[in-house]
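Trainee: In the order they appear, the protein sequences are chains A and B.
Every position in the first sequence, counted from 1, becomes a number in the working numbering once 12 is added.
Every position in the second sequence, counted from 1, becomes a number in the working numbering once 220 is added.
If you're looking for bench data, these hints aren't it; they were derived computationally from the structure.
Hints should not be assumed to be uniformly reliable.
[As the list claims (entries may be wrong)] Ranges of calculated distance between the beta carbons of each label pair, as one might list FRET restraints: (1) A:E384 / B:N363: 36 to 46 Å; (2) A:L15 / B:D377: 37 to 47 Å; (3) A:L35 / B:D413: 35 to 45 Å; (4) B:A275 / A:G260: 24 to 34 Å; (5) B:K286 / A:K14: 46 to 56 Å; (6) A:A403 / B:M228: 26 to 36 Å; (7) B:G395 / A:L15: 43 to 53 Å.
[Stated by the list, open to error] Pairs of lysine-lysine residues, derived as PhoX-like cross-links and limited to a Cα-Cα distance of at most 25 Å, are as follows: (8) A:K410 / B:K279; (9) A:K410 / B:K320; (10) A:K126 / B:K291; (11) B:K286 / A:K261; (12) B:K291 / A:K24; (13) B:K286 / A:K254; (14) A:K14 / B:K341; (15) B:K279 / A:K14; (16) A:K132 / B:K279; (17) A:K261 / B:K291; (18) B:K286 / B:K386; (19) A:K24 / B:K286; (20) B:K320 / A:K261; (21) B:K392 / A:K14.
Idealized CB from N, CA, C, for every residue including glycine.
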Amino acid sequence: MKLLSFIWYDIKRLFGHGKTAVLAVLAPIPVVLMFGLFLAPVLADGKGAFINGALCNDDDSLMLTMMMDMVVDYEVKKGNAVITSVPDVETGRSMIEDGRAAVLLHVPEGTYQKAMNGEKAVMKFYYAPSHAFDALTFQSGIESSISVFGQGIRVINVAGDTAGENGMSEAEFTRFRNDAVTDLIGVYLHRGEIIGKKGVFLLGGDYHLRYALAILFAACAFFASFPVMYLTCLDKSGVLAKRSVPAGKMARWFFARIISGTILILCTFAVMYPMARALRQVKLSSALAVLPGMILTALTFSALAVLIGSLFRNGQSALWIGLYFGAASFVGVTFLSDKAGLPGIVSLLMRISPFRASVSIFSNAMFNLMIERYAQDMLVLLAAFVLFTAAGFFAYRKRGVPYE
Amino acid sequence: MLEADGLMKRYGKCTVVENVSLSLNPGEGVALLGENGSGKSTLLKMLAGILEPDAGEVKIDGLHGKQAKEKIAYVPQDIVLFEELTVTENLYAWSSLRGKENTDRAEYLIRELQMESFCKKRIDRLSGGQRRRVNLAAALMGNYSYMMLDEPLAGIDEQGSKCVAKLLKDEKDKGTAMIITEHNPTILLPLMDRTLRFDGGHLV
């Protein structure tokens, strides 16, 4: 029998537990609806994002320095951020390594002048993988600030040029520009208050909501793998153990289970994605970016489910362990990953957690694609998939197989 | 030839099988009789390689372990089938798990055990007796020269029992050796060459 036949049989078996499979696939619907109706509005009215960042400003231009200082000071005073100025990139990066900062912004020399000359000004962002959400928040906030500020400066310069052509002196122009920039910064810094938001970044509601939606996606995918976990456990302690099946013959059954589990999880995504799209106006073009992430997430969670299912003799034990493991992982990813001062091993686990990578992929790909971060997360998921598959295969062959 | 020497199995402090030795020649049939809890099923599982003995060893045609196990078809007392698949799919799957898919063998067993009327049905929609017949058929998929059958007629009606008996006789005539445990040996006992009584973990 070919692998395809095994996959087909296994899909029939997974979906043969009709209620379980239907629950796994359709359960996200009420969850997404509840999220959209109740939680999303709360999040949308949320407070500003808290960011723990470092800033390395190598640009000595007065305007940019003034603007950055004011933005940073404003955020710090509002309690939205702790931003530390660092003398060089190395210091900032070591802060990230130590977990003292989530993100480092490096403003290279001449950035302001380039922007004023209409050239492309590139600022670099460095971040720890476990703080990808912070990085996104910080980067978007700074880029938005620079963009608005730059546009304002251009308008002021054009106005100054026009005034100069009409006889304004150099001294008058300088005074005019300084006053205008001060006004510009003042108005910009208070724009949040004008529309009832806290802080300059204006990231609170929407970004939290995007992040929450991504967590919802990843969590529902993981919980959809529970039938895989349960059935694997039943097989290993029952059907496959009670007959004399040679361990070597189980490989096809094992890989068929991972693939059929993947299909089950993808069915969950197929239900969730249109709902999320309706809820948050996710761009249709983002589907292309999300799809590989969905497939790899589904493969990884399916392999993990087979591993957990292979480790336990009792189906209920496997489910309880899966539930606690999943819940702990998602709580960690959601609430702990951006906290500095975690024990080293916990911080490392957060950094390489496939749960974090999965959440990061969805929050990234569905809303604001950062290719570098996307690739990193995909690599983490791929490594986790390989690890879970190898460990799962070992456990699957050993667990419940009569002695040889 | 199957040779068991000094087999012993303990569960905690309770010795279920103690120092049992027996042999089974090719084509020979042995009925293993005994009360409930006497240790028959445990002995059968050790002979089939499903359960590891605490002491002693089993050799089949001079082979141990994995190679020996591949020569044995084991029919467990429990229903051990893929409940969500049909009868035919179960037979195909089990033949693949035991070697290569053998559709001819599956069709032969469906015919011999009179399962045509329900072979397209899922296992979880069959009656107890029907499931028993599929349970037996699933064990007989694959290449083997020894059979261990743990109460193969339990829950099967008279007509079904006759089908099973005929099938086992055919298998035996082809040279397959078998050990059968059965509480009601009237149908299968005439097929067997000898009878062993098992009591308190010993052959008596």
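Trainee: Are the Cα positions of K261 of chain A and K291 of chain B separated by 25 Å at most?
Mentor: holds (15 Å)
Trainee: Within 25 Å, alpha carbon to alpha carbon, are K279 of chain B and K14 of chain A?
Mentor: The given pair, whose Cα atoms are some 33 Å apart, is violated under the 25 Å limit.
Trainee: Checking one constraint from the list: CA of K320 of chain B to CA of K261 of chain A, max 25 Å. Satisfied?
Mentor: holds (10 Å)
Trainee: In this structure, is the beta-carbon distance linking L35 of chain A and D413 of chain B contained in 35 to 45 Å?
Mentor: 54 Å Cβ-Cβ, so the 35 to 45 Å window is violated.
Trainee: Has the given pair, K410 of chain A with K279 of chain B, been kept, meaning a C-alpha gap of at most 25 Å?
Mentor: holds (22 Å)
Trainee: Mind checking the hinted window 46 to 56 Å against the Cβ distance between K286 of chain B and K14 of chain A?
Mentor: Distance hint for K286 of chain B, K14 of chain A is violated at roughly 24 Å.
Trainee: Taking only the CA atoms, is the gap from K126 of chain A to K291 of chain B under or equal to 25 Å?
Mentor: violated (80 Å)
Trainee: Does K286 of chain B sit within 25 Å of K24 of chain A, going by the straight-line distance between their CA atoms?
Mentor: Cα-Cα ~30 Å, so violated.
Trainee: Looking only at beta-carbon atoms, does the pair A403 of chain A, M228 of chain B fall within the given range of 26 to 36 Å?
Mentor: Cβ of A403 of chain A to Cβ of M228 of chain B: about 35 Å, so the range 26 to 36 Å holds.
Trainee: Quick one, are K286 of chain B and K261 of chain A close enough, alpha carbons at most 25 Å?
Mentor: holds (12 Å)
Trainee: With a cut-off of 25 Å on the C-alpha distance, tell me whether K392 of chain B and K14 of chain A pass.
Mentor: violated (32 Å)
Trainee: Is the hinted pair K14 of chain A and K341 of chain B satisfied, with a Cα-Cα distance of at most 25 Å?
Mentor: Status holds; Cα separation ~22 Å.
Of the numbered hints given earlier, the model fails hints 1, 3, 5, 7, 10, 12, 15, 16, 18, 19, 21; all others are met.
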